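Q: Please model the entire structure based on the sequences and the hints provided.
There are 2 protein chains.
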Amino acid sequence: MSELTVTPLAGVPEIAPGDDLARALGDALERAGGLVEGDVVVVAHKVVSKAEGRIVESGDALEVILREARAVRRRRGDLVIAETEHGFVCASAGVDRSNAPGEGTLVLLPRDPDASARALREALSDRFGSPPAVIVSDSFGRPWRQGTTDVAIGVAGLAPLLDLRGSADERGRPLESTVIAVADELAGAAELVMGKTDGVPGARIRGVRLPPGDGSARDLVLPPERDLFP
Amino acid sequence: MSELTVTPLAGVPEIAPGDDLARALGDALERAGGLVEGDVVVVAHKVVSKAEGRIVESGDALEVILREARAVRRRRGDLVIAETEHGFVCASAGVDRSNAPGEGTLVLLPRDPDASARALREALSDRFGSPPAVIVSDSFGRPWRQGTTDVAIGVAGLAPLLDLRGSADERGRPLESTVIAVADELAGAAELVMGKTDGVPGARIRGVRLPPGDGSARDLVLPPERDLFP
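Respectively, the protein sequence lines represent chains E and G. No gaps in the numbering here: position 212 of the first sequence is 212 in our numbering, and each next residue is one more. Remember, our numbering sits 1000 above the position in the second sequence when you count from 1.
None of these hints come from the bench; they were simulated from the model. A few of these clues could be false.
Pulled a few chain E residues facing chain G out of the computed Cβ check, cut under 10 Å [claimed, not checked]:
id, residue
1, 23
2, 66
3, 88
4, 139
5, 142
6, 161
7, 180
8, 203
Computed from a predicted structure; not experimentally measured. All residues carry an ideal CB built from backbone N, CA and C; glycine is no exception.
A: Shown next as structure tokens:
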């Protein structure tokens, strides 16, 4: 098992609707030495959403949150835990005011974050000759634990789950129901070099053992029949 | 913002009750080039628990789980979501059968994972002359999302949360309630090189911007009054 490196994609300029994000990220990747086979590129959804124009001007954040939500799971004061159209359960249905371009401006989640990841993967493949796995990430809170961790809300070119069911442990005993959310751990690792305030909207991760195959970030959504905390 | 590297701590022999885990991890660290200031050492709780003798022989896992649990939050079939004595909410109250030393053998969580982390930190500091931050990790499932991610259940020499409240975003607007669970993201990053089946019970992480100060993994536990999913 070899070393894993997480390299910040720095120097990306402010992104506005219609900007060529793949080009800006590609420039940052080039400064970081480019891509090799097996690399993963993690991009904060905020810049993806901005490039895709998923921004609304509104003084009424709650109205926007309720419009973005497929269902509200809990509500206490300003805090709304909601299910998005994609099936993700998170605060404010993913609507975010921090790092938004102006007062009263809200950034929404991309409409189809897997498609956003696929488009970036294709553009970066064209430029570097090697298609990276791409993860679009967001910072989600968790029940029972303080603080957010970054998780995958869109993926391309990788299976987000590593399924070890059927494998054996060191002593040859079968592992019990061990499925690892590798894409979420990769998103969290990328957050460690991205920060929130310093204009580093992505990271390249090299040296990771990726699960075989391809998939969708929706693979990470627990089916309703297994949800014990509706 | 610089690169982060995650290096597996490989070649650690099977750990049994009473074994000197700090020495075994220190040997693996030495093979990986030792420690420098600011390094983080992540150790899977399983080897910590084994070294501390937190193993029980029982054919009745459920009885052991209920004994380890302070409260049961949900139960469906074999799945028990329980609150541990430490305040963590997780499957089976942290009781685990995979990688246990024999049939009918269960591995419990360490009694005081922060203390376990502190002891490792002190022993590694004595050996290498530089005290690493230490995280004891476990694989937790999450509501609403498939798969487990590794999280911190014990820490020493680091504050597990990076609190950016009061900071400003790129445009000088204050960030809203942004607290990042850095210790959980570090635990997840370490998992990516540890695997479950190949005898790599830890990792060294270098190049991370650690939150200032010290803390406890209990800082990661959401206080009951903020818990919307009791």
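Q: With reference to the structure, classify each hint as holding or not holding.
A: Status of each hint after checking the structure:
{"no.": "1", "hint": "23", "verdict": "violated (20 Å)"}
{"no.": "2", "hint": "66", "verdict": "violated (17 Å)"}
{"no.": "3", "hint": "88", "verdict": "holds (8 Å)"}
{"no.": "4", "hint": "139", "verdict": "holds (7 Å)"}
{"no.": "5", "hint": "142", "verdict": "holds (6 Å)"}
{"no.": "6", "hint": "161", "verdict": "holds (5 Å)"}
{"no.": "7", "hint": "180", "verdict": "holds (6 Å)"}
{"no.": "8", "hint": "203", "verdict": "holds (9 Å)"}
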